[in-house]
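This is what each chain is made of:
Protein chains: 4
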Amino acid sequence: MKAYVKTSRGPGGEVRTVPDPKPGPGEVLVRVRASSVCGTDVHIWSWNEWAQSRVKRVPMIFGHELSGEVIELGAGVTSLSVGDHVSAETHIADGTCYQCRTGKMHICQNVEVLGVDRNGVFAEFAVLPEQNAWKNDPSLDPSLASIQEPLGNAVHALLPEDNIEDVAGKNVLVTGCGPIGLLAIVVARILGARRVFATEVAPVRTRLAQKMGADHVFNPLEEGPELARTIVRETDGLGVDVALEMSGHPASLRLAFDALTPGGRVSLLGLLDREASLNFDDAIIFKAARVHGIFGRRMFETWFQVKGLLERPELRTKMAEIITHRLAIGELPRAMELLTTTQAAKISLEPRW
Amino acid sequence: MKAYVKTSRGPGGEVRTVPDPKPGPGEVLVRVRASSVCGTDVHIWSWNEWAQSRVKRVPMIFGHELSGEVIELGAGVTSLSVGDHVSAETHIADGTCYQCRTGKMHICQNVEVLGVDRNGVFAEFAVLPEQNAWKNDPSLDPSLASIQEPLGNAVHALLPEDNIEDVAGKNVLVTGCGPIGLLAIVVARILGARRVFATEVAPVRTRLAQKMGADHVFNPLEEGPELARTIVRETDGLGVDVALEMSGHPASLRLAFDALTPGGRVSLLGLLDREASLNFDDAIIFKAARVHGIFGRRMFETWFQVKGLLERPELRTKMAEIITHRLAIGELPRAMELLTTTQAAKISLEPRW
Amino acid sequence: MKAYVKTSRGPGGEVRTVPDPKPGPGEVLVRVRASSVCGTDVHIWSWNEWAQSRVKRVPMIFGHELSGEVIELGAGVTSLSVGDHVSAETHIADGTCYQCRTGKMHICQNVEVLGVDRNGVFAEFAVLPEQNAWKNDPSLDPSLASIQEPLGNAVHALLPEDNIEDVAGKNVLVTGCGPIGLLAIVVARILGARRVFATEVAPVRTRLAQKMGADHVFNPLEEGPELARTIVRETDGLGVDVALEMSGHPASLRLAFDALTPGGRVSLLGLLDREASLNFDDAIIFKAARVHGIFGRRMFETWFQVKGLLERPELRTKMAEIITHRLAIGELPRAMELLTTTQAAKISLEPRW
Amino acid sequence: MKAYVKTSRGPGGEVRTVPDPKPGPGEVLVRVRASSVCGTDVHIWSWNEWAQSRVKRVPMIFGHELSGEVIELGAGVTSLSVGDHVSAETHIADGTCYQCRTGKMHICQNVEVLGVDRNGVFAEFAVLPEQNAWKNDPSLDPSLASIQEPLGNAVHALLPEDNIEDVAGKNVLVTGCGPIGLLAIVVARILGARRVFATEVAPVRTRLAQKMGADHVFNPLEEGPELARTIVRETDGLGVDVALEMSGHPASLRLAFDALTPGGRVSLLGLLDREASLNFDDAIIFKAARVHGIFGRRMFETWFQVKGLLERPELRTKMAEIITHRLAIGELPRAMELLTTTQAAKISLEPRW
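Protein chains in written order, with my numbering: chain V, 2 to 354; chain G, 2 to 354; chain H, 2 to 354; chain W, 2 to 354.
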């Protein structure tokens, strides 16, 4: 089959013809109908510091976000059938570690990630463990089905303890409007948020954030250190109840806490890539703030929430708007260029070569 | 001033002229702009068994749901101003009992209720404790502002522990489509419910339940004992994650549990008025079900949730549809007739005499 | 090997020599060091109505509570070694149903139970799935290790949402002092309960309840309908914050709710075997009570809690006192007689024939 | 009456004779039976930077921790009687701000603190608002009764969401063994913690930490950067489930996160007094850690938990051991010296002059 492959421990990759994969026991073979590009893929493409230390296995097929059709069942698979329309939870948990056995499979200590630790999905076919193949409603558009993982990240960041009391009728701030930030804005609106504020620098994402339903999208470079005060003023002097930090910028990290109402909570998802400095007294202790590190999605509670939310036409419409580009897999270099220069939000890949 | 008064310990009531009330320390005087009729008012009007044992004080002004304008501040009031548009949390808690001191003010053991334990609001003016006067957005329509208490009941029944994991993307059943049931349907939809089922007998309420967004509204008399199985089938064989019992019928109580998925939860709000029989083994123990008794609204977490939800035009539009009749206070006997015969959903009263 | 076998669909059972079991892939073979008798075993022995409809497979080896030594690993087992000291979570979940995939494996819809759905453990050897073999500290006494399942039931009933706010410093009522009730008393004490009340009829269990640390053990037959009032009086007029119903008696069910403080919670574990009548208005709605059906133990959060609690010498000492009889497996008929007549609390079985 | 007074905006203070206070409406007058010294008092005594900016009112009577006897009731007080034995919740909340109205009174935005914003309790008599006067069991030793606030801090830090799942049977780390840290060790033990680790530099506190029940008390200066690895190794390679940072040292902040198991949580209580640097990616995001800022105690849920825990003789015995010195109020300078040089843990003050 054809596949986009990381061929050497350096920047870039190339289309290669590789042997067709076969599903082992407990696995299914999927014909890829749509895939999409995640920030992780960009890091592996550009071969940054994180990728150099994290990726062990080269050559390896790129990519993890996908949707496709089950075309073959490995031995022992019972919950899926040939013809099913599936997406992937791409974190493959071991099921036996302390975290897995205490309801925290999403932070399995021996996790393997598609396209990072084993062959990914930018290919004609892909193999998935049965448990990780999530069955979609047959009518769900393949390109939307492929971006359920970032949607799950957004839902999990918004509801880290599944608790809506901070969202319904409350004020929310999203710093950084990449695809996950944009999806968080839509979901906050659906879940009844009162005011949704966002920050973003790139014009294309700023416009999308407005379309997603943010009340105000601030450019933090223009607003400067006054921004926290502005947000507090816009919330009757209270500050936001929930801040989702999705930019990875130290200034946004501070903003998230400065704009927070006492007793509020902050979800951290954007990687900072280095140490950052914070006044923990003011940011967390005196405010009795709660902070959640967000990694992956709860398996599979978050997926069920995503399934339900996807029944709302409003969400599907807005997800489609977040897909700013639809390219052929063969155009992966162009996708990488668009994302690196933040000219795109989400890029969907079609299985054309 | 004019007021509708329960004048004797028997059915009915009458318009009387009574002295204008004065706000004491920590109280405010409100000019009533809209009020509305609750089931409790119907009980006191018809003087049923519950009313006979519960109501101590006659003569007493009827009613508790209202919105109005603050026109005078008692000594020491600081959080409100003359001219504020307010509604009432009509449960007046003592603030010192065990429940009040452990975050459960809504089940204060010494609660006093407007229109039940002290003079109510079907009048030209009403006095409210400062804490119980909830400040509305000035633009909120007075008749909608008056029905925030039942909206709060609906929100509290849906989210008794503020936990959305059972609602967003999940299946919900509402048995009984009085005003609170109808509001619960709308709110479940806003909070991202996947499927919403309802039961109702009265045609006017059945039509409203459909308008509110219920996927199926069943007539339990027609469906009979098959209904639980039907609902389970409609949910891919799982059953509903949340059932809200708002009818007070023993058969609906059973249905709520029979249609529930294992691990699901039931909120009980509809009063049964007598003992009911249940197979606790099957309904609760083997299913590991959770059950919440719903009384009042959390003070004031639920009110903040309500405030945020009210910013959604969709909710305000549907609330207006639930108000099937707009009458003058002087027409209270007709309102009672319409409600007793379930020809109405919610009746709004305008301060005309 | 020797095993105690249900040989026909009627009362009783007998010792038989059966083929030694072999561990399949993902299973381990265990040499039984101690087992113990649960109420479920008594039902299957006496072949009551529940057993007649529930048990499909006869002949079948009895029993599920055990501890033992791993003596052989099936293919693919990695988390256990030969020589490990293990106990069993005897509910074997399928891992793929809706409940399993949303953190509720303990109410798996396709659960299989040892000694009920497949061969049990009253034998020389037993086969366990890897996931269900819980590794004990090597120094834990085998007979205590065997009764971790009922200890887990007690912990789960006390902390159904892992939430201690109702227990630490609060008042607790346990109705019914079988082994699980007795263990709940000890654990409530360890977790900082303020007052612990219990009800029991059988003298041996009453004395044990006192030893476990209950402040008052009432005989409900002697106390009569005044008992709820007595308990409320003993708690400064408040009532208990948590009631654990473990007797299966309708009168105790009522007592649990009557003695409850508003906003309190009730865990139901004792099976009633038939419908029961309750005033849901007073018991649940007006009280804003919370009710949890208790089935099994959370897998495996509860087990980790049990492991930690077992490090307290106080708990191990009291568990040993609950084991009123230590018999050889061959004396199973006598064990059944002692339990049926409530002359015993927990009976430990040693692998002598 | 006699009182220890901050007389000028500089270090120190002095005994003065001041007018006897009178209780206003809703207040009670208390004769002080015991008081105790908190770190906040030390800051105000030494007049550090925080005190200079925070304290507005001088002269002002020092101190906030106390217990005493109610000797006079202000107008309208109903829940207390003359002769009651009370302690103080010294955070006086306004009851009307956003935080107060959403169950977070302990972070009231207009809080006033005894001995910081208004006259304190190092005096013969003190005035308390009715709500803030906590009624003790009459038999509770006055010096123990006086240190319920730090005990409440410890309980709140250990159970910020009242959730015991991270404590019972789990591993706990306490960095910094001042009085609150020491109390946290005892309470963690009572609540069933599996292993409790602590860090401390001062010998007197190290010995006390061992007495309180810590399994290991490490000197971080001696252990150096290996310490996190040591703790992980001692917990079967997992790391601790809960870390309580009570030292205010940046190195301990890092240790708390480095020693944490993925999915664990950290409570931050020790003030750092300046910015600190952290690798948020590794410490929080990849670990899916939860962080809680701890300020005050939940009002009054934490107090009820404290009341219940105080019924355990084990806790009272250990609290008495934490009181390393019992001095007369007149010896306050010496108390300050002992605390500044960490020769003491908790110092109890007797009302001798």
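The hints are simulated quantities; they were obtained by calculation from the structure and are not laboratory data. Keep in mind that a hint or two might mislead.
Heads up, incomplete: computed chain V residues facing chain G, CB under 10 angstroms, no partners named [as the list claims (entries may be wrong)]:
#1 Trp51
#2 Glu162
#3 Val307
Where a beta carbon is used, it is the ideal one built from N, C-alpha and C, also for glycine.
Now the hints, each set against the structure:
no., hint, result
1, Trp51, "violated, 32 angstroms"
2, Glu162, "holds, 8 angstroms"
3, Val307, "holds, 7 angstroms"
Comparing the model with each numbered hint stated earlier shows that hint 1 is the single one that does not hold.
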